[in-house]
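S.K.: Listed here are the chains, written in short residue letters.
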Amino acid sequence: MSDARNQLYQIRPKVAPDGAELEGELLEVSMGPQHPSTHGVFRMDVVLDGETVVKLKPVFGYLHRNHEKIGEGTSYLSSMPYTDRLDYFSSLTNNWAYALAVEKLSGLVVPERAEYIRVITAELTRLQNHTSLCGFLLQDMGALGTPLMWAFREREKVLDLFESLTGARMMCNYMRFGGCRCDLPPGWLEQARKLVDEYPRFLGEFEALLSGNEILMARSQGVGRLSPELAVSAGVTGPMLRASGVDYDLRKVDRYGIYERFEFRVPLGDHGDVFDRYMIRVLEMHETLKILRQALQQIPEGPVVDPKAKLRGFRPKVGESYGRLEGPKGEIGFYLISDGSANPYRYRVRPPSFINLTILEDMCLGRSVADAVIILGSVDIVLGEVDR
Amino acid sequence: MIGTGIAKGLVLTAKNLLSTYTDKERLPTIEYPDEKQPLPEASRQFPMLIFDGEDEMKGLRCTACQICEKECPPKCIYIVKSKDKRVDYKGQNQFYPAIFDIDYSVCMSCQICVEVCPFESIKMNTEFELATPDRFGGLLVHKQQLAKSNAHYQKIHPTEAAASDAAMAVEKAKAEAKAKADAEAKAKAAAAKAAPMPSASPEASPETPKPAVAAPKMPM
Numbered sequence: 012m013s014d015a016r017n018q019l020y021q022i023r024p025k026v027a028p029d030g031a032e033l034e035g036e037l038l039e040v041s042m043g044p045q046h047p048s049t050h051g052v053f054r055m056d057v058v059l060d061g062e063t064v065v066k067l068k069p070v071f072g073y074l075h076r077n078h079e080k081i082g083e084g085t086s087y088l089s090s091m092p093y094t095d096r097l098d099y100f101s102s103l104t105n106n107w108a109y110a111l112a113v114e115k116l117s118g119l120v121v122p123e124r125a126e127y128i129r130v131i132t133a134e135l136t137r138l139q140n141h142t143s144l145c146g147f148l149l150q151d152m153g154a155l156g157t158p159l160m161w162a163f164r165e166r167e168k169v170l171d172l173f174e175s176l177t178g179a180r181m182m183c184n185y186m187r188f189g190g191c192r193c194d195l196p197p198g199w200l201e202q203a204r205k206l207v208d209e210y211p212r213f214l215g216e217f218e219a220l221l222s223g224n225e226i227l228m229a230r231s232q233g234v235g236r237l238s239p240e241l242a243v244s245a246g247v248t249g250p251m252l253r254a255s256g257v258d259y260d261l262r263k264v265d266r267y268g269i270y271e272r273f274e275f276r277v278p279l280g281d282h283g284d285v286f287d288r289y290m291i292r293v294l295e296m297h298e299t300l301k302i303l304r305q306a307l308q309q310i311p312e313g314p315v316v317d318p319k320a321k322l323r324g325f326r327p328k329v330g331e332s333y334g335r336l337e338g339p340k341g342e343i344g345f346y347l348i349s350d351g352s353a354n355p356y357r358y359r360v361r362p363p364s365f366i367n368l369t370i371l372e373d374m375c376l377g378r379s380v381a382d383a384v385i386i387l388g389s390v391d392i393v394l395g396e397v398d399r
Numbered sequence: 002m003i004g005t006g007i008a009k010g011l012v013l014t015a016k017n018l019l020s021t022y023t024d025k026e027r028l029p030t031i032e033y034p035d036e037k038q039p040l041p042e043a044s045r046q047f048p049m050l051i052f053d054g055e056d057e058m059k060g061l062r063c064t065a066c067q068i069c070e071k072e073c074p075p076k077c078i079y080i081v082k083s084k085d086k087r088v089d090y091k092g093q094n095q096f097y098p099a100i101f102d103i104d105y106s107v108c109m110s111c112q113i114c115v116e117v118c119p120f121e122s123i124k125m126n127t128e129f130e131l132a133t134p135d136r137f138g139g140l141l142v143h144k145q146q147l148a149k150s151n152a153h154y155q156k157i158h159p160t161e162a163a164a165s166d167a168a169m170a171v172e173k174a175k176a177e178a179k180a181k182a183d184a185e186a187k188a189k190a191a192a193a194k195a196a197p198m199p200s201a202s203p204e205a206s207p208e209t210p211k212p213a214v215a216a217p218k219m220p221m
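Chains as they are written, first to last, in the working numbering: chain A, 12 to 399; chain B, 2 to 221.
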């Protein structure tokens, strides 16, 4: 590496214990986009001093597919299946956030039963997203195989529920403006109750296997600290923010949908390190199960879609709206401007994992490469959403 | 103590391994090509076109209204409207698709076409083993391959098909009642007038460029 580049990164000359100056060079490593630890086509340009990260530049856009421009070119309804493909782990919360934005624009009222179905599906989404994230994160830490396979085994059960309700496992395309596409199939609620009853057993096993494990603690405690001040000023949301100890959950703050009817708590972390981020997700799964139990008990009968809603020739009033909700990864928001035509004039997505990614360098500086991998894992990114 | 975590973990893993022999719930894998998982009723893969009666091409419900072509998010449907018309199940003269192609390699199985179709014509098939060595031609499916009988639809989506059949029966009854009323009105007018008009009913007039917009939406 040239001297100019060394100057650029302002690295001190190495000094040996006997006082002699050593030849030191920085190493520039391009991690990704095909690196197994980068969770999709994501690249980190890492500058290393020995094994310590001195500079990190996230590079992305490999999966860019013009999502927002496509949204402006197609009708409101046609954008709905594209929102599935943003964060493909939690398609139902994306659907809901987009439907919220359009409902604000058009003034459609969601029936009671549809609100409950939305809460149930969104919480199931959160459950399976956090489950698989825990599996992936532990995979990054070197727990190869077992935790990820266990997580996927349980996630599969949630996906089966999605499939029998919406027809697809991941690309659900289920929410509609003013309600949901179809009613629950017979026996679905019983299956969901069975899943909710059995899930704590898996969570218990998972925690017994890992949460107290000394290797996990040694790898993750104190790693990748994020101060609450930095998190707030960078606009970080979701479990990342709550792990830093900031009490901000849109389900409590905005109370969108019918969340004020459910009793649940918002777990908060103390240190904002990788271990806290892992534990926040485990604890959130327990809270999610609480919400699910209440919702599955209270769900009323009735229609699932506003009778005023129409599929063809849908034209909302002129205006703008922002629909946001607490997705599994943070605040997912859709900003729409309508000029009264069949297509939105402006369609903008606020992707949580993209904004959570902006502070990656701050968390990784001074840590080793292996730590950078798990810090990235704990951010919980999905490249479909980051690149859009 | 160092190592207790590992020991605990290994005990749990061993328990899980052994329980796969006793508990069916703990063994989630199946031997795929030999053993297939039953698909849920809501399952969807790719669109198909429904036909009534015996002849695949004559019985197609599609009237080439091109709503699905316009609404399709990835724009994978290609329709060319016929020049002539034919009589549909309601006894009305309708266009039919001269060409109806769906590019399965572009289709993203979103079901929007099914929802917007006013004629109960395009529905989702559940067939998923579509691997082909011909990447372009093999996945560009023409109306001949897309045509599936209503019996097939009733088999794969019984509840949905029953609702669709009921909606169509209602439409047909409505159309018949209207045709009858029109015929009576016409007979009266003919009796009043000296020269009666040719026998085509007014709603089946050939000047209906957009039959889809005129037709009422049937509930799904």
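Errors might be hidden in some of the hints.
Stated by the list, open to error - Straight line, CA to CA, 27 Å or less: simulated BS3-like cross-link-like pairs of lysine-lysine:
| no. | chain 1 | residue 1 | chain 2 | residue 2 |
| --- | --- | --- | --- | --- |
| 1 | B | K37 | B | K179 |
| 2 | B | K71 | A | K319 |
| 3 | B | K71 | A | K168 |
| 4 | B | K187 | A | K321 |
| 5 | A | K205 | B | K91 |
| 6 | B | K59 | A | K321 |
| 7 | B | K144 | A | K80 |
| 8 | A | K80 | B | K179 |
| 9 | B | K71 | B | K59 |
| 10 | A | K321 | A | K115 |
It should be emphasised that the hints constitute simulated quantities derived from the structure, not laboratory data.
S.K.: Take the hints in turn and mark each one as holding or not.
M.R.: These are the hints, each one checked on the structure:
| no. | hint | verdict |
| --- | --- | --- |
| 1 | B:K37 with B:K179 | violated, 49 Å |
| 2 | B:K71 with A:K319 | holds, 23 Å |
| 3 | B:K71 with A:K168 | violated, 36 Å |
| 4 | B:K187 with A:K321 | violated, 35 Å |
| 5 | A:K205 with B:K91 | violated, 47 Å |
| 6 | B:K59 with A:K321 | violated, 31 Å |
| 7 | B:K144 with A:K80 | violated, 32 Å |
| 8 | A:K80 with B:K179 | violated, 46 Å |
| 9 | B:K71 with B:K59 | holds, 24 Å |
| 10 | A:K321 with A:K115 | holds, 15 Å |
The structure fails to meet hints 1, 3, 4, 5, 6, 7 and 8 from the earlier list, while all remaining hints are met.
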